[in-house]
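Visitor: Fit chain R with the ligands to the given chain Y structure using the hints.
Chains Y and R are the protein sequences, given in the same order.
The opening position of the first sequence corresponds to residue 1 in the working numbering, with each subsequent residue numbered one higher.
The opening position of the second sequence corresponds to residue 1 in the working numbering, with each subsequent residue numbered one higher.
Source of the hints: derived by calculation from the structure; they are not laboratory data.
Take the hints with a grain of salt, since some may be wrong.
[As the list claims (entries may be wrong)] The calculated DSS-like cross-link candidates involving lysine-lysine, where the alpha carbons are at most 27 Å apart (straight line), are:
#1 K393(Y) / K16(R)
#2 K175(Y) / K149(Y)
#3 K149(Y) / K136(Y)
#4 K12(Y) / K132(R)
#5 K88(R) / K132(R)
#6 K101(R) / K4(Y)
#7 K12(Y) / K101(R)
#8 K4(Y) / K125(R)
#9 K12(Y) / K143(R)
#10 K88(R) / K4(Y)
#11 K4(Y) / K126(R)
#12 K126(R) / K12(Y)
#13 K18(Y) / K101(R)
#14 K143(R) / K191(R)
#15 K143(R) / K4(Y)
#16 K78(R) / K393(Y)
#17 K84(Y) / K153(Y)
#18 K101(R) / K8(Y)
#19 K88(R) / K8(Y)
#20 K132(R) / K101(R)
#21 K78(R) / K4(Y)
#22 K8(Y) / K78(R)
#23 K136(Y) / K50(Y)
#24 K8(Y) / K132(R)
#25 K132(R) / K194(R)
#26 K12(Y) / K125(R)
#27 K8(Y) / K126(R)
#28 K191(R) / K126(R)
#29 K215(Y) / K181(Y)
#30 K125(R) / K8(Y)
#31 K18(Y) / K143(R)
#32 K8(Y) / K143(R)
#33 K393(Y) / K101(R)
[Stated by the list, open to error] Residues of chain R placed beyond 12 Å of chain Y at every Cβ, according to the derived structure:
#34 K3
#35 K16
#36 S29
#37 G70
#38 V73
#39 G150
#40 T181
For each residue, glycine too, the CB sits at the ideal point set by N, CA and C.
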Amino acid sequence: MNIKNLLKIALKALNNNKMRCFLTMLGVIIGVGAVIAMLAIGQGSKNSIKAQISEMGSNMIMIFPGAEKHGGVRQSSDDMQTLKPADYEALLRESGTIANITPTVNGQGQWIYGNNNYPSQAQGVNTQYLDIRQRKVAQGEMFTEEDVKNAAKVCVLGQTLVDNLFPAGTDPLGKVIRFGKIPMTVIGVLEEKGYNTMGQDQDDLALVPYTTVMKRVLATDYLQGIQASAIDENQTDRTIEEITGILRSQHKLKETDENNFTIRSMQELAEMISSTSSMMTVLLAAVAGISLLVGGIGIMNIMIVSVTERTREIGLRMSIGATGRDIMMQFLIEAVIISVTGGVLGILTGAVATWMISLFAHWPVQIDAGSVILSFVVCTAIGIIFGFYPAAKASNLDPIEAIRYE
Amino acid sequence: MAKEIIRIENLKRYFKVGEETVKALRGISFTIYEGEFVTIMGTSGSGKSTLLNTLGCLDTPTSGEYLLDGIPVRGMGKNERARIRNRKIGFIFQNYNLLPKTTSIENVELPLLYNSGISAAERAKKAERCLKEVGLADRIYHKSNQMSGGQQQRVAIARALVNDPVIILADEATGNLDTRTSFSILTLFQKLHKEGKTIIFVTHNPEIAQYSSRNITLRDGHIVSDEYNHDIHSAEEVYRNLPVDND
Ligand SMILES: Nc1ncnc2c1ncn2[C@@H]1O[C@H](COP(=O)(O)OP(=O)(O)O)[C@@H](O)[C@H]1O
Ligand SMILES: [Mg+2]
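For reference, chain Y alone in the conformation it holds in the complex:
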C-alpha cells in the first residue's frame, strides 16, 4: 500500500465528517495560536529591552556606595557614605580604560517658576554625563567645567519640566527658576527621549552641576554614585576590575575586607533583564503549550470515537485486503492531517492575533521563524502521539467481528 493511496483514503474519511474534523482542529488551532502569540510577545519585549539598553549604552558602569547587597537587606546610612569626590578624582586620574565618568548626587524637591511648580529632581552630574547617557542638549547649552568648579547655580531642564513650568510655551532659556529655595538659571533644554521600557519618563529631570547639589542642596560630602562608560564595551569586565582596584586602594581596604562599594555594568543588567524576560516567555509559552496538549487529547478522544463508529468500515477494509499496518497508517494519517492542518491554521491565527496586539495594545512583538517551525513540529508530533493509540486499536480489530459490528 503506498502513501498516496493512504492519504487519499484518509482525506476522504475526514471529508465525510467535516464539522467534527473542524471542531477537533479547533483545539489545536487555539493552542498553536496561543503559543505563537505568546512567543511573539516574549520575543518582542526582549528585543525592545535590548534595544533600549544598547541605546542607554551597553558600556555603562555604575558604582554605588555600600557593600554588595545580600538578600535585599537595607543598609544603614553609614554604609551608604563611602563614595567621595576624591574617589571620583582618583578614577579620573588613574584609570586607563574609562571613556567618560561622572559623579551623581540627586536632590529631590520642588521646581518652581512663577505660579507653576513641579516635583522632580536635581540630578547633580558633571559635563561628561551627556556622553555616558547618550543625551544631547536641544536648546541652549550644557553647563561647563567652570560651572562645576564654582558650584554655579545653573540647570539644564528635561522636556517634562519645561512643559510643567512653562505651560504657556515661554522660552525657558535665561529664566531664573527655583529648586526649593535655591534660584537657578536655565541655560539649556535636553533633547526629548520619552519613556523607557520600564515606563520611566526619561525627560522628568534637571541636570545641575554635582558640586551645586552637594554644597547648596544637600550639604553633603558624599556622592550617591559614580557613573562611567568603558572605552571598549567588550572589555567592561576589565574596566570593572580596574575600578575595583583603584577604589580599594583609595578606601585603604585590607586583603580580607569586603568591597564597601558595588559595581554594576549595563551588560550585567541586560543579562538579568533578558533572563527574567526569557523566563516569562517560557512561562507564557508553557501555559499556551498546555492548551495545545488539551487539543492533542481532543484529537485522541475523537479518533477513539471514530474508530468505534467505523468498526464495520475497518472490518470491510480488512476483508478486502487491508493489512493491520494499512489500517494503522490510515488512522495515524487522519490524526496527523487534523493536527498539522490545525497547526497551520493556528500559526495563521497566532499571526493575526499578534498583529492585533501590536496594533491595539502597541506592545512590541516579533514572530520568529523558530517558533513557527517549533509549532509545526510539535503539531505533527502531537498527531502521531495522540493518534497512535486509536490507530493501534483499529489495526488490532478482528475482521470477522468488526464486519458484523452493529
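Guide: Same frame as chain Y, now just chain R with the ligands:
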C-alpha cells in the same frame, strides 16, 4: 478436467467459549473447480459463515488442509492472508458494507487502493467496467446512501469483481432483499457464472439451490449432502414473471 480453485480436507473449526468448546466445523472436505456456482445451504448455526470466513482467509481453521488456487493457506501470516484476500478473493456480504457518503466508483475502487501495483487510471477503468457489468452504468457517481438495497448490493458485487478474483464468496447476499430484487441479483450471479466465474453462495433459503450448479448442505458442522444440479433453473425467467410492485 477443470482447474482446482479450492480444496479443503478434514477442515475443523472449534471455538472456545468459556469452559465449553463450540464445534462449528467438524471435519469438512470438498473440492471446488473453476467455473462452478456452488450454493452452501443449512439452517442457522450450521456453520456456513464459519466455513465461508475460513475459505475467505479471514479465519484460520483449528485443523485441516486448505489450498486456494493451489496455494496452501495454513500457516500463512496475517499480512499474507490480507494479500491473498486482496488478490484472489471477492467478498459479498448480507448488508452490502459500502462506505457511507461515498460514490459507487469509489466504493468499487477500494480493493485496488490496497494494491500498489495498480495505477489510478487503471483503477478507475476497472471499476467502471465492473459497474457496467453489474448493470449500474448510470449510477457510477451516485453515493451509496442515494441507492436502493438492490443497487447497493450490485455495487458490492462490482467491488467483489474488480480485483479479478479466483473465487467470489457471498454470505446471504440476498438476505436483506425482497423477492423480486433477490431474483434480479440471482440473475446477475447466473450471468457471472455463465461468464466463467467461480462462485460460492451461502444461504439458508433452500429454493436457491435450483439456480446453482452444485449444492452442499451443512448440518451441525458436517456435510450432509453434496450434489450437482443438472437442471439449472433460470432466475431471470422467474424475475420476469414476478409482478412489479407499483407503489
Ligand atoms: N466467534 C465465535 N465464537 C464462538 N462461537 C462461534 C463464533 N462464530 C460462530 N460460532 C458458533 O459456530 C456455530 C456456527 O455459526 P455460523 O458459522 O455463524 O453459522 P451460520 O452462518 O450457518 O448461521 C454457531 O453455533 C455459532 O454460535
Ligand atoms: Mg451466517
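Visitor: Checked against the structure, which of the hints given earlier come out wrong?
Guide: none
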